[in-house]
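K.L.:
Given next are the chains, with one letter for each unit.
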Amino acid sequence: MNPISSPSPDGHRLPRPSTAASVLRFIAGNELLLVWLVLAAAASLVSPFFLTETNLRNILNQSSVLGILACAQFLVVVIGGFDLSVAAVLALASVIFATLAPTAPLAGALLGIAAGASLGLLSGVAVTLGRVTPMIATLGVMGIARGLAFVVAEKSVSVPPALLEPFKATIWLFSVPVIVWLVLAAVLAWMLARTRFGRNLYAIGGNERSARLAGVPVLKRKLSVYALSGALSAIAGLALVGRTSSGVPHVGAGWELDSIAAIVIGGARLFGGEGNILKAMMGVIIYQTVANIMNLVSLNPFYQDIVKAIVIIVVVGVSVMRAARQQGGRS
Amino acid sequence: MSTLIEVAGTRLRSPRFWQENGTLAVLLLFVVFATVVSEGVFIRPSNLITILYQASIVGVLVLGQSLVVIAGGLDLSIVAVLILSATVMGGAGSEQQSMMMLGGLPYIGLWPAVFAGFLTAAFFGLINGLMVTALRIPAFISTLATTLLVGGIILVVTGGSPIYYPDPFFTNFGNAKLFDLPAPVYVFFGLAAVVWWLLNHTSFGRKLYAVGGSERASHYSGLSVFVMRLAVFVLCGLCAGLAGFLFLSRTGYISYASGADLLMTTIASLVVGGISLAGGVGGVKHAVSGVLLLAALSNFMNIMLISPHIQDAVNGFVILIAVSTYSYINSEKA
Amino acid sequence: MQPDTVSVGDDRRPIARLQGIQKSYPGVKALKGIDFDIFGGEIHCLVGENGAGKSTLMRVLTGATQPDAGVIEIDGRPTILDPVSRLAHGIGIVHQELDLIPAMSVAENIFLGHEPLLPGGRIDRKALDERTIRLLGNFDLEISPDTPVRTLAPAEQQLVQIAKALSHDNRILILDEPTASLTDNEVEHLFAQLRRLREQGLGIVYISHRLEEVTALGDRLTVLRDGGHVLTAPVAGISRTDIIHAMVGRPLGEQFPRSSRVTSDVALSVDHLTRRGEFEDISFEVHRGEVLAIAGIVGAGRSELLETIFGLRHADSGAVAIEKRPVEIRSPRAAIRLGLGLVPEERRESGLVLGRSVADNLVYPIIDRLGNWLYFRRGQAREVTDRYVRELSIKTPSAEVRAGSLSGGNQQKIVIGKWLAAGVRILLLDEPTRGVDVNAKAEIYRLIDELAQSGVAIIVASSELPEVLGISDRVMVIAQGRKTATLKTADTSQVEIMHYAVAANATSHSSASPVGLQ
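Protein chains in written order, with my numbering: chain A, -18 to 312; chain B, 40 to 373; chain C, 93 to 610.
Since the hints were made in silico from the structure, they are not lab data.
Given the structure is predicted, the values throughout are model-derived calculations rather than measurements.
Under the rule of at most 30 Å between Cα atoms (straight-line distance), these lysine-lysine pairs were calculated in the DSS-like manner:
#1 487/C / 533/C
#2 533/C / 580/C
#3 201/A / 260/A
#4 218/C / 201/A
#5 218/C / 260/A
#6 124/C / 533/C
Extracted from the complex, chain A is given alone in its bound form:
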């Protein structure tokens, strides 16, 4: 560093935030928590069953698979891309695991993850070296993954429930898949906040040109992220098998959209460079809570998709408008 003269004698005192400011910032930073609390309050008025342990556990369980998918999607979105293949990769990994579970569960799991990572890498290569836009590249890989899933298993593969006992273990509200999800999210959160690798991802998403000029290895990072996304999607598939005791090749149609919606609710910026993964997880929980409420009020399941679609459009629309205003329009 340049030999710059030392700071003035009384040291530089940076303004410390006042207590009032701290509390306000906590609430503002946790607006998602507020939203959930409001939802919960409204829900418990409509259905006494909402605030029961069983139901809350259900919400978390249902959030676990989507949550891991959302982690995968979050990583890719931060770096400025999209991954439409997450659900298809989930399906592929789940059938691989389900098929091999009776004989060699560990091998099955590892093979599933390897398959996910390879497909993710394929997306990454297409995006970087092939100069294909992320959306089309992952759309192509989605087709490949879905096709392969059917090749592995023409129809659902059941796993003897006995094998999956360890998955069913539960501590209070948290079952094994939920714990796996939360641990993964925490690890990723740490990685994104504290390591050079993680911070580089935000830099690339924020201003790829500046990042490259500053010496960030953009190509390597992108490949890693897409491969990681594939691996995480595969893990989500494993979790799904753990929860449902079966591998279904056509599972998860539309879940890629769900994963995008959930992280947008959680405040991630669609064009990259911004977002907090823990908030994204909160977005997943809110998303699943809405679904849960719809079930509790016995809303015709067919209407649920329509409601979900409207929620997605509203959430994404608002997010896009906010992003546009921040950039500052022309007029």
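Keeping the supplied structure of chain A fixed, place chains B and C upon it in accordance with the hints.
P.N.:
Just chains B and C now, with coordinates in the frame of chain A:
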């Protein structure tokens, strides 16, 4: 003679040539390849007609999609809209069927139902267009959301069960033949001619290419980007409606899960044909050659008894390779 | 306030010396053999008009581009520079455009790419914060290291960018127009830091249009003009006037076709037009048959003004009238309907659809008159196209060729041609001959002259002073978003225009009373 070869050589080496005619060349080669491998089965007239028949539905979708893509967008909801339109046409157009439907569609007569089907398709095209232009939501997210929305509506209307008994008119239409070619093939070719006219011989078409080529320059020249984008999504919706009509004609049946592989095939055909997803380039020649190539490929795989699921994977690969190849060719050109 | 004289030359060796640097781009010789050196412990200012070659020279010095001829010496040894090795040699640069990542913190931006690490790839937060605080402290900037850059004022962002450049081990620091968004106070602060850095042996290259800064801060000064070196001298012995003369004093060699033009009624009048942050309180009139030039340096706000008139941006206040009738122009479509046309600065991005043919590009503004969704009058379109290709001498194998394959000059003719085809009555041109070869330039000047003769009102924004003097009837000078002068072309000079273009405190002056310059 030698100059001829020289000229041919130069043309073959120019990237422009491959951009324009690459797919046709590959199609030709593939026909030869398939004929040889299938020991002549491929080239039988009845098989070729089958290829064209199957290509007609995808073809109609691809023509609609190409309009959107040329203008710089993308519509991933075409299959959902296809199913909904076919549901309306089949359900509301048949007294017997509408009585059976769990969700409920009133019987309004065959032709009103067909009209309603097209209207529905155009309506969702409009929704797509508004989301992209007014709300500025990226096209692929908007159209995925529409897919979800339309899917929900289909479920509500049909109660989850398929339509088995549309008015016999549809299957009659599907079986009607002129010179051994079924009516849907003529519809495809007819639409191709219309789209060709639209793109090459109208102001609208020229504006479309401008907007897709450079939205900024178009805006600076006074073209209304908003209106063009909106119009093109509506047209694509209408094509999806037409595809729904053809689907019903071909199979006499439509369900929530129909056409699972159609989206992949459509995008693959478009991309293989050489229409760039960035917009501003491409034409009917590209679209049709892409459709034919992929239909030929799919037919060949059927002949060789390759599972349809592998076909899906193959389509995915095709997309990746085709787009990479074209961007490689283009970067060389630049 | 003059700095202490620094002994330059003697037997001290410069850190970097560029000798005989030449660089050409297709159609233009950007550097014609430049010598430039920078010693440790000095502030060397680089001055010149737009296009003089300053940016190109700095690109050579930072290894972003390789010279066609000439030698680069670092510490006396011939060296080849590239974007990586220049960092190793300690050459840092702060660009004009913001090079920061808006959503990330100050500390992360400053140390992007070379964050202090703990084992395991973890970022050493403590070290990061400490070093950032120390760097920022030198600008008396009291902001927390984890403030997102996006929330800072432009001035603070600029200082963060400078801190970022200083976070490496630099021996040379290049600053390109660093004070564009700083207040006088902040400028003083910056100068204090730069002087301190100079004491410590840093060699600073300071590029600026603001001559008062150059004279206040610099030790030495180099003036470039049209890619050539004009002078290098200690700042102490030079006056502002001398500098301006060096920047623009060139014989008007080029011939500009001129004919006597009758200017009559007011075609366009603008009253107190303001757009916050871009331009303020601009008022002027243009008459039919008149060519009004808008002169000024880059960033003065001229493009923004033209785009606002054309309906691409909305003004915050003020009014526009066409032929004395007040109008509200909300979009380019509206502007075109009122007879306006714009030849934008960025021809390739905004002026043409490069992938479409010459013929198509010529008819876009009138395409709705030639057809709709049912048909297109090809024959008529072809007539129009052929006519303008011929009249404008657009050199192209055919009208069906891609517009992108034509040379810059011919592309520009297409852009102008499409407005002619649309029957434009008021034509706005933004840097119309940038990137255009000599022959096409002459043809474009002829075109403008003919247009004026036929009664079209013309506004040309240009930073090429010979061009401004050659084709216009009147000149309006804009500096920092404000009008500083309106001059009659026949009565003014390049020196006078430049004087108003670099005016520090912008107050308007009219040609009625010409300024007397020493």
